[in-house]
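Each protein sequence line maps, in turn, to chains S and H.
Residue numbering for the first sequence follows the numbering used here, starting at 1 and increasing by one per position.
Residue numbering for the second sequence follows the numbering used here, starting at 1 and increasing by one per position.
No lab work stands behind these hints: they were computed from the structure.
Because the structure is a prediction, the values reported are computed rather than measured.
Watch out, some of these pointers could steer you wrong.
[As the list claims (entries may be wrong)] If you only want the chain H side, here are some residues facing chain S, beta carbon under 10 Å, derived: (1) Met52; (2) Pro54; (3) Ser79; (4) Val119; (5) Thr146; (6) Met151; (7) Gly252; (8) Trp262; (9) Thr292; (10) Tyr317; (11) Leu409; (12) Gly455.
[Said to hold, decoys possible] No farther apart than 27 Å at their CA atoms in a straight line, the calculated lysine-lysine pairs in the BS3-like style are these: (13) Lys162(H) x Lys194(S); (14) Lys57(S) x Lys418(H); (15) Lys45(H) x Lys186(S); (16) Lys51(S) x Lys415(H); (17) Lys162(H) x Lys186(S); (18) Lys50(H) x Lys194(S); (19) Lys12(H) x Lys186(S); (20) Lys70(S) x Lys51(S); (21) Lys275(H) x Lys194(S); (22) Lys190(H) x Lys45(H); (23) Lys186(S) x Lys50(H); (24) Lys164(H) x Lys76(S); (25) Lys12(H) x Lys51(S); (26) Lys275(H) x Lys76(S); (27) Lys194(S) x Lys251(H); (28) Lys162(H) x Lys150(S); (29) Lys302(H) x Lys194(S); (30) Lys194(S) x Lys3(H); (31) Lys418(H) x Lys51(S); (32) Lys319(H) x Lys51(S); (33) Lys169(S) x Lys164(H); (34) Lys319(H) x Lys104(H).
Beta carbons are placed, not taken as given, at the ideal position from N, Cα and C, and that holds for glycine.
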Amino acid sequence: MAYDKFNILNSTAVPLSIENVDTDQIIPARFLKATERVGFGDNLFRDWRYKNDDTPKTDFVLNNDTFSGKILVGGKNFGSGSSREHAAWAIYDYGFRCVVSSFFADIFRNNCLNVGVLPVQVSPEFLEQIFSAIEANPQTSLTVDLSNQKITLDATGDNESFEINPYKKENMINGFDDIDYLINIKEDIRTFSKNTPL
Amino acid sequence: MKKTLFDKVWDKHVVQQIDQGPDVLFIDRHMVHEVTSPVAFLGLKNRNIKVMYPDRTFATADHNTPTINQHLPVQDPLSAKQLDALEKNANEHGISYWGLGHEKNGIVHVVGPEYGITVPGATIVCGDSHTSTHGAFGAIAFGIGTSEVEMVLSTQCILQPKPKKMRITINGVLQKGVTPKDVALFIISKLTTSGATGYFVEYAGDVFKNMTMEGRMTVCNLSIEMGARGGMIAPDEKTFHYIKDREFTPKGAEWDKAMDYWQELYSDDGAEFDKELFFEGNEIEPMITFGTNPGMGIGISKDIPTAEAIGGGAATYQKSLNYMGYNEGESMIGKDIDFVFIGSCTNGRIEDFRAFTEIVKGRKKADNVTAWLVPGSHKVEKAIKDEGLLDILEESGFELREPGCSACLAMNDDKVPKGKYAVSTSNRNFEGRQGPGSRTLLASPIMAAAAAITGKVTDPRTLIN
Chain S
1 MAYDKFNILN STAVPLSIEN VDTDQIIPAR FLKATERVGF GDNLFRDWRY
51 KNDDTPKTDF VLNNDTFSGK ILVGGKNFGS GSSREHAAWA IYDYGFRCVV
101 SSFFADIFRN NCLNVGVLPV QVSPEFLEQI FSAIEANPQT SLTVDLSNQK
151 ITLDATGDNE SFEINPYKKE NMINGFDDID YLINIKEDIR TFSKNTPL
Chain H
1 MKKTLFDKVW DKHVVQQIDQ GPDVLFIDRH MVHEVTSPVA FLGLKNRNIK
51 VMYPDRTFAT ADHNTPTINQ HLPVQDPLSA KQLDALEKNA NEHGISYWGL
101 GHEKNGIVHV VGPEYGITVP GATIVCGDSH TSTHGAFGAI AFGIGTSEVE
151 MVLSTQCILQ PKPKKMRITI NGVLQKGVTP KDVALFIISK LTTSGATGYF
201 VEYAGDVFKN MTMEGRMTVC NLSIEMGARG GMIAPDEKTF HYIKDREFTP
251 KGAEWDKAMD YWQELYSDDG AEFDKELFFE GNEIEPMITF GTNPGMGIGI
301 SKDIPTAEAI GGGAATYQKS LNYMGYNEGE SMIGKDIDFV FIGSCTNGRI
351 EDFRAFTEIV KGRKKADNVT AWLVPGSHKV EKAIKDEGLL DILEESGFEL
401 REPGCSACLA MNDDKVPKGK YAVSTSNRNF EGRQGPGSRT LLASPIMAAA
451 AAITGKVTDP RTLIN
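Looking at chain H on its own, in the form it has when it is part of the complex (with noise of 0.2 Å):
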């Protein structure tokens, strides 16, 4: 029978299938967190159980880091608590914990694929929805609640109906200055926010073979805003060089085995997905938000669309450009511009800065703007550091903060103020979601070039040399 590659990998791991029921998952890798791990872990307490399989299970220290001064107490008395709740529970349990300040610290999803956790073919969970981030190595990766969290912890396994299958295939060239972030809002704008709730996708054609794993990661990172559970892309020769040699990668004969696994893990000619959607690489823009969620972005030459070239509804249509202080019609070159984020899940990879800093280059940031550079682990800081970028940003007038989730969810000290507009990297424009009463417009690490160096949002190709 032919097959996806979602079927290959998903029929892998299914433990038992319960009579009209949802499928036992296996999951080969768990990511925690300090935000969605606490609960499971007090209901293990609870039933006083252990973790079943510790080492497959990772802890890291994310979403309530503070980005500066990290070698000092955290201030804030509740993230301290969450902080100090995680490390006590992975050690309680025999999990690595990669805390504050340790030399492995950073984004859950950022260290996953860096160490080598994140191999093709697995199932990987977390409680973050942008763990399908994962899935650019050919893994099936998904966020989860809390209650799965618990579920994973206790039996290494979750309940899971079979989502259907979707495909996007998007061939041909991506014309200058537009990154894997425009070509994942791209897509988001044509599907909206649930246009693939319900499926697992699969991303295929040129665009998506010819990016490098870190924009493969940023595109997959996205699947969730589209409201897909999860985003993959079949392994290849770039993927296995990518993970070979990384810690947590298999060694030796165990490399030799899984690799056969891997070889196979591709959608056979002909297998069937229960929807297909095609789009040319070469009609994709840099991309910007104007609205309060990733399905409303327009290409930066377009003007922000009429509720009724939108379709669906007109008031709540008319509530997020209120909130956003923008009206139908109006272009979003030249908008006023106060903070500009670059970092998170999403585009705080070490590409993303080695692209930023090749635009600020030269340039200096415009006074008007408060610019946070949050490097997603220790590992792309390090990397910044030693590329020289760091000397080439602070030439600029820019600084470079310490690893976390920061501004992208605001959970720390990061938070935009009431009323002040960010160009961001990160993957949410939600009201309120860099701080309460903040605007977001998302892009990619570009464009967010472009807009802290000129203060206001501007095409970043004009800045292409």
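With the rest of the complex left out, here is chain S (with noise of 0.2 Å):
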């Protein structure tokens, strides 16, 4: 499915500082039942976000309107758990473009990488600078430069590398996606079936 191209990030960020944040927790099972990809954005930490009875729970961060922005930071194995995708979508939906954690689960970073979300990992160490500029400061904004693989925090200029695989990235800056690779490789595909052992 299309996304919006992704080069230069400048935005102030959404600090969520729990490890081991799973996709049950991102988008719980109930909410899953949708035919189409919308309003997922809508039940983003659902869990976490709401009371029983619907009445947002005051110390979320979603719910709390000193912070806000197109950058969520989590804390360590970020999107551990079910490969559902629906938690990539719930993520873009709400309007985050990027997740910067010190870890992610596998199958969460692919999912991430086919809907235009970009996941930086960066050491423990800048994860907790992170941290603490934005709860000192909560306007402190960050840019993540794609093109250099660059997150910077733009007050004092601290800033890290990033990895992604060169594929993924021109993919990611260009809107492309995987599909329409593949689709164009399907006589090579049809050839190789046939000499498949299985």
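Build the complex: two chains, separate frames, hints provided.
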């Protein structure tokens, strides 16, 4: 599915300094019943964000007006558990374009890259620095430069480079998806399939 | 060149290597269910393309389905819509569809092996992280997202960077009362939920060699819970015996040809792994979890560890214990419970029900416990009845429900209420996994049985005759 191209993102950020945030928290299973990709942002972090009676939990960061922006900063091992791509959809649909953490679960990272959310893995030290900077000043802005693979705390200029597969990087910069690529080599796939052992 | 089991299977399926990019990996078998497929089918519709190889694609309904009164229309309109969408999509694209009420219906990772869709040396994917289950047969099997489901439907391929390789070897003999589930929970407790992230795991050693195929499935199923994309075990005579003559396995000359390939599927002596871990089988105890991820597990005789002993984020650890209503240093034995759930793609097979029944036989279910016994498929359900297990279970005060994922993820009505404790044979104890506010203790079928009988957390070894 098409998504907005990603090049340079400059934004304030929302801090979620919890570790092992699993995709069941990002979007609980009972909200996976849609047959179209619409409205998932409303249920992002549903059970952390709302009480049973659907009123907001005021102590949760998404309900705190002090913090906003297109970057979500999470604790280590972000996105573990279920393969549900709905988690990445919910993050995108809510308005985030980038998730920063010191460690990502595999499938979640893949899913993000496939739907236009950039996962940026930084060192545990830099992650702590980002959390502290945002806590000290919620207006702290970050610049995520995909072309140069660099994330910078704007106020101090402190920065770190991050890894991304060159193929995936090109895709994100251009808004391409893998399916276009695969459809273009369908004849090769057909030929290959004739010689598969199973 | 010396190759690992994983390399042998992976390399056979690479259509193309993208320069500095991922591999284009051919997928032999694609399993589809109602929750992660509708948006993928919509993508095909928008591109005006058909499923490339419908005969490599299999659809079953499991995540959303009710586990009582399956002959009646599904009450939840959203679930019903999703199930309808899968049926329509399957029919439109000529895919086998085993919907609600179909004799082959069941949990995708239970029915795959039952009907021989799962074979050694295959690449198998599904929009579900527990696809790792099929690695028990020496297949490369892993969960994918919906965009990738769309890729496989439209081109039978996905783009994947080749993961690193880890081997986990456990030799020795398991103690009485220690099941494959305990072996898996033990490994995860050692590695944490991210310890194998970026790796594909091979399980080796006596403990896995001596396991039944169903036991191997339980272990491989839980590979994702240590962060691994998948886990696999080299096929052996037990594997070949299990799959022979199942509906979708090769027959006659095709079988012989496949066997030539399958018999080469093992890690060569001296093949290199990026990481190797070794444990001793006799060190493993019956396991139970006390926290909100599958890595937070302990041997039943141990106390809940301190944050200090665990290392890492103390705040996250405390949040987890608060959610569970537990404290550091407490014993799990004797903790109150309210629900028992046996089922899921982890422990919803016939051997699991046999083990559960063996413990409850001649005893009565505790009054304070609500028990949900949910077979993984109709085939399992039928075996429970045919083998006389149902009579024993009913005598002990249990009822059997109809197949589905059920309370493992509580997408249907099988929800554990807020604040209540469930001993579950499923795979995840995340916050709210079994219903908003629910608290899950992951354990083996016999630990679940012991809890169901005594009404509290109990060392199952005390009930083994």
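Results for each hint:
no.: 1; hint: Met52; in the structure: holds, 7 Å
no.: 2; hint: Pro54; in the structure: violated, 13 Å
no.: 3; hint: Ser79; in the structure: holds, 6 Å
no.: 4; hint: Val119; in the structure: holds, 6 Å
no.: 5; hint: Thr146; in the structure: holds, 4 Å
no.: 6; hint: Met151; in the structure: holds, 5 Å
no.: 7; hint: Gly252; in the structure: violated, 15 Å
no.: 8; hint: Trp262; in the structure: holds, 9 Å
no.: 9; hint: Thr292; in the structure: holds, 8 Å
no.: 10; hint: Tyr317; in the structure: holds, 9 Å
no.: 11; hint: Leu409; in the structure: holds, 4 Å
no.: 12; hint: Gly455; in the structure: violated, 27 Å
no.: 13; hint: Lys162(H) x Lys194(S); in the structure: holds, 23 Å
no.: 14; hint: Lys57(S) x Lys418(H); in the structure: holds, 16 Å
no.: 15; hint: Lys45(H) x Lys186(S); in the structure: holds, 18 Å
no.: 16; hint: Lys51(S) x Lys415(H); in the structure: holds, 17 Å
no.: 17; hint: Lys162(H) x Lys186(S); in the structure: holds, 21 Å
no.: 18; hint: Lys50(H) x Lys194(S); in the structure: holds, 19 Å
no.: 19; hint: Lys12(H) x Lys186(S); in the structure: holds, 18 Å
no.: 20; hint: Lys70(S) x Lys51(S); in the structure: holds, 25 Å
no.: 21; hint: Lys275(H) x Lys194(S); in the structure: violated, 35 Å
no.: 22; hint: Lys190(H) x Lys45(H); in the structure: violated, 45 Å
no.: 23; hint: Lys186(S) x Lys50(H); in the structure: holds, 13 Å
no.: 24; hint: Lys164(H) x Lys76(S); in the structure: holds, 20 Å
no.: 25; hint: Lys12(H) x Lys51(S); in the structure: violated, 51 Å
no.: 26; hint: Lys275(H) x Lys76(S); in the structure: holds, 21 Å
no.: 27; hint: Lys194(S) x Lys251(H); in the structure: holds, 18 Å
no.: 28; hint: Lys162(H) x Lys150(S); in the structure: holds, 25 Å
no.: 29; hint: Lys302(H) x Lys194(S); in the structure: violated, 55 Å
no.: 30; hint: Lys194(S) x Lys3(H); in the structure: holds, 24 Å
no.: 31; hint: Lys418(H) x Lys51(S); in the structure: holds, 12 Å
no.: 32; hint: Lys319(H) x Lys51(S); in the structure: holds, 17 Å
no.: 33; hint: Lys169(S) x Lys164(H); in the structure: holds, 21 Å
no.: 34; hint: Lys319(H) x Lys104(H); in the structure: violated, 42 Å
Violation of the numbered hints given earlier is confined to hints 2, 7, 12, 21, 22, 25, 29, 34; the remaining hints are satisfied by the structure.
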